[in-house]
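**Student:** Chain residues, written in single-letter form:
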Amino acid sequence: MVGLGACPLAVSGLEVAYPGCPPLLSDVGFRLSKGEIFGLLGPSGCGKTTLLRHLVGLERPRTGRIEFFGQDLWAADGALLDGHRRRFGVMFQGGALFGDLSLLENVALPLTEFTDLRPGAIMAAAQLKLGLVGLSGYEHYLPASLSGGMRKRAAIARALALEPGLLFLDEPSAGLDPVTSAGLDGLIVTLARNLSLSFVIVTHELDSVMAIMDRAILLDKRRGGIVASGSPMFLALESPSAEAAAFFRRGQRGGPGA
Amino acid sequence: MKKGPRHSPLSLDGAQEGPIVLRGALTAQVPGPVWDPLLRWPRDRLTLDLGSLEALDLNGAAQLLWLRRSLGGRGVALDFTQPPPALQPIWDLASRTLGPPPPKPPRPTFLELTGRNLSRAWADLLDLVGFLGELLSHLAGLAPRPWRLRWSATMRVAETAAIDALPVTALVAFLVGLILAFQSAMFMRLFGVDIFVADLVGLSIVRELGTLLTAIVLTGRSGSAFSAELGAMKANQEIDAFVTMGLSPSRDLVLPRVLALTIATPLLTVLADLAGLLGGNLVMVTLGHPVAVFWHELSSHIDASDVATGLFKSFVFGFTVAAIGCQRGLSAGSGPAAVGQATTRGVVTNIIVLAILDSLFAVLFYVLKW
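Residue numbers (my numbering), protein chains in the order written: chain G, 1 to 258; chain X, 259 to 628.
Please keep in mind that the hints were generated in silico from the structure rather than gathered at the bench.
One should not assume that every hint holds.
Said to hold, decoys possible - With the C-beta cut set under 10 Å, the calculated list includes, among others, these residues of chain X facing chain G:
| id | residue |
| --- | --- |
| 1 | 288 |
| 2 | 289 |
| 3 | 291 |
| 4 | 316 |
| 5 | 318 |
| 6 | 328 |
| 7 | 348 |
| 8 | 357 |
| 9 | 359 |
| 10 | 360 |
| 11 | 362 |
| 12 | 366 |
| 13 | 592 |
| 14 | 594 |
| 15 | 596 |
Unchecked claim - Simulated restraints on C-beta separations:
| id | chain 1 | residue 1 | chain 2 | residue 2 | range |
| --- | --- | --- | --- | --- | --- |
| 16 | X | 343 | G | 144 | 39 to 47 Å |
| 17 | G | 144 | X | 385 | 18 to 26 Å |
| 18 | X | 343 | G | 116 | 24 to 32 Å |
| 19 | G | 189 | X | 331 | 30 to 38 Å |
| 20 | X | 354 | G | 222 | 45 to 53 Å |
| 21 | G | 183 | X | 505 | 37 to 45 Å |
| 22 | X | 278 | G | 186 | 36 to 44 Å |
| 23 | X | 382 | G | 93 | 28 to 36 Å |
Claimed, not checked - Pulled from the structure, derived: some chain G residues nowhere near chain X, Cβ distances all over 10 Å:
| id | residue |
| --- | --- |
| 24 | 114 |
| 25 | 115 |
| 26 | 210 |
| 27 | 225 |
Heads up, the beta-carbon is just placed ideally off N, CA and C, and yes, glycines get one too.
Starting from the given sequences, assemble the full structure and let the hints guide the process.
**Tutor:** Right under this line is the structure:
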């Protein structure tokens, strides 16, 4: 039985690899609390996005368990958990909005597919989600006519359509100016606090990490797994990990990783 | 889902006089028909008591606000009593956020649409003519310095466009020749003139169908590929990179493709002609005419000018298919959908232009008595 108190996401002993390749990350494990903003950090190419693809069921892990609200994502017979995709929402790096649908239709699509609501109620719910991410007045725009930041916000609105308890965001700040990026960070905090949503955010934007994240893990390709975990402040100042020190110091210098 | 199984399903209790009490969970899982009795509310005022709700999410709140909109449109005022304190923040957030329904974007009138389409078609035509002019000027500039053409790219495109297209072109032409011969033989046999099927098939294939079929196959196979390749390059800003590096996309990307297809099309047309004639020959043999009779009949009615006519057209068709395919790719917009649109426009434009050119050639050759 799924309950409100169940852990939104629990990962243990996960091995992350591309099909036919040696493991990229091994023994990945962490647990999320309700309303927590959790970061998957690491330099480019360390396997953050690949780990995310495993977490959302797009790739099957070789070993390990992924549980959403107490239920295993992969059943013993190898099938994906029935209806698991409605337990979480995903915002992909580029937004991945459907180009031939308006923003309203993009957000309404999951509701049309998975609920029995009247069309008017679906449109009101979609309009509400767009209003929540600050896109009131843009309901009938096509994604191509919007800026990158607006597309990402619309993608969050679509991910929120079925009101999952958990949202995965892949590089939400990538390619955005500091003001838009800060606005997006503010939106994430608002949603986490007001709706008790948990977030798993893949990023290497240190400003965002320090501003909004409750906890994070740092991944490293050379070591093939998690090298440090804790609050951003702990990772930046107190972690004994050399990789954590290098990752956060490089960012403060505004070097190539920033 | 995070909500649902722990709560009882939504129920509506109450009489027409008093407020309707909502109990249970009000989420997206509520079946739409639950609200039907309220949508037909016979009085001018209705109060929904939210105080007994066990769960409420934004989708649930959106349904209540939609209900208020719908009833408001019928002149029924809908009021709500406050939900339990735990659900108050969600209710407040939804009530605060959801504004009036967004106005539908104005639909353009028929006149506006026609004007816009005509103006777009005119701009398209100008683009195409300008592009063809640019291409011809590059070709002329290449004549004194042929080594400046990217021959390796040209040969690679020619290989993909011609050699890889051999089986499909030959198969289509063979079957068309076979069908043409069979259909005409059935009728001509009634009059005992089925020997003339050889001439009918021969002239049709050599002067018209071999050329046209090859061009259509190349439109679908190579012209569309050119549109997609160049459209994707445009979407990835590779074309912009070409321009900023001082290179010319039409010289370095388009010319190799156009030359490759202009050379490959006549060669493929010869093969298509042969395959079509073989198809016709096969039917004639099954009707009892020896192979030698078919080829003798052909050689007595088809001369070199017929073959030359078809080959001349195939040169022009090859150039046109490649040039239009490339132009449509280069004029693609941004985003992945633009590549698909560019490919579709390339194929459609090519088929229209091929039909127009073929008609013009038919008139021209008639006037010139070729």
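**Student:** Next, verify each hint and record whether it holds.
**Tutor:** Evaluated hints:
1. 288: Given a least distance of 7 Å, the restraint on residue 288/X holds.
2. 289: holds, 5 Å
3. 291: holds, 8 Å
4. 316: Since chain G brings a Cβ to about 6 Å from residue 316/X, closer than 10 Å, the hint holds.
5. 318: OK, holds: residue 318/X within 10 Å of chain G, min 9 Å.
6. 328: holds, 6 Å
7. 348: This hint holds: residue 348/X lies near chain G, its Cβ roughly 7 Å from the closest one there, short of 10 Å.
8. 357: The hint holds - residue 357/X has a Cβ within 10 Å of chain G, the shortest such distance being about 6 Å.
9. 359: holds, 7 Å
10. 360: Holds - the Cβ of residue 360/X comes within 10 Å of chain G, reaching about 4 Å at its closest.
11. 362: holds, 7 Å
12. 366: violated, 14 Å
13. 592: With a closest approach of 7 Å, the residue 592/X hint holds.
14. 594: holds, 7 Å
15. 596: holds, 8 Å
16. 343/X <-> 144/G: 39 to 47 Å: Since the Cβ atoms of residue 343/X and residue 144/G sit about 44 Å apart, the hinted range of 39 to 47 Å holds.
17. 144/G <-> 385/X: 18 to 26 Å: About 21 Å separates the Cβ atoms of residue 144/G and residue 385/X, which means 18 to 26 Å holds.
18. 343/X <-> 116/G: 24 to 32 Å: holds, 30 Å
19. 189/G <-> 331/X: 30 to 38 Å: Holds, since residue 189/G and residue 331/X (Cβ atoms, about 37 Å apart) stay within the stated range.
20. 354/X <-> 222/G: 45 to 53 Å: Roughly 49 Å apart at Cβ, these two residues keep to the hinted range, so it holds.
21. 183/G <-> 505/X: 37 to 45 Å: holds, 40 Å
22. 278/X <-> 186/G: 36 to 44 Å: holds, 38 Å
23. 382/X <-> 93/G: 28 to 36 Å: Between residue 382/X and residue 93/G, where Cβ atoms are some 34 Å apart, the hint holds.
24. 114: violated, 8 Å
25. 115: violated, 5 Å
26. 210: Answer for residue 210/G: holds, closest chain X Cβ roughly 27 Å.
27. 225: Residue 225/G is indeed farther than 10 Å from all Cβ atoms of chain X, at 30 Å.
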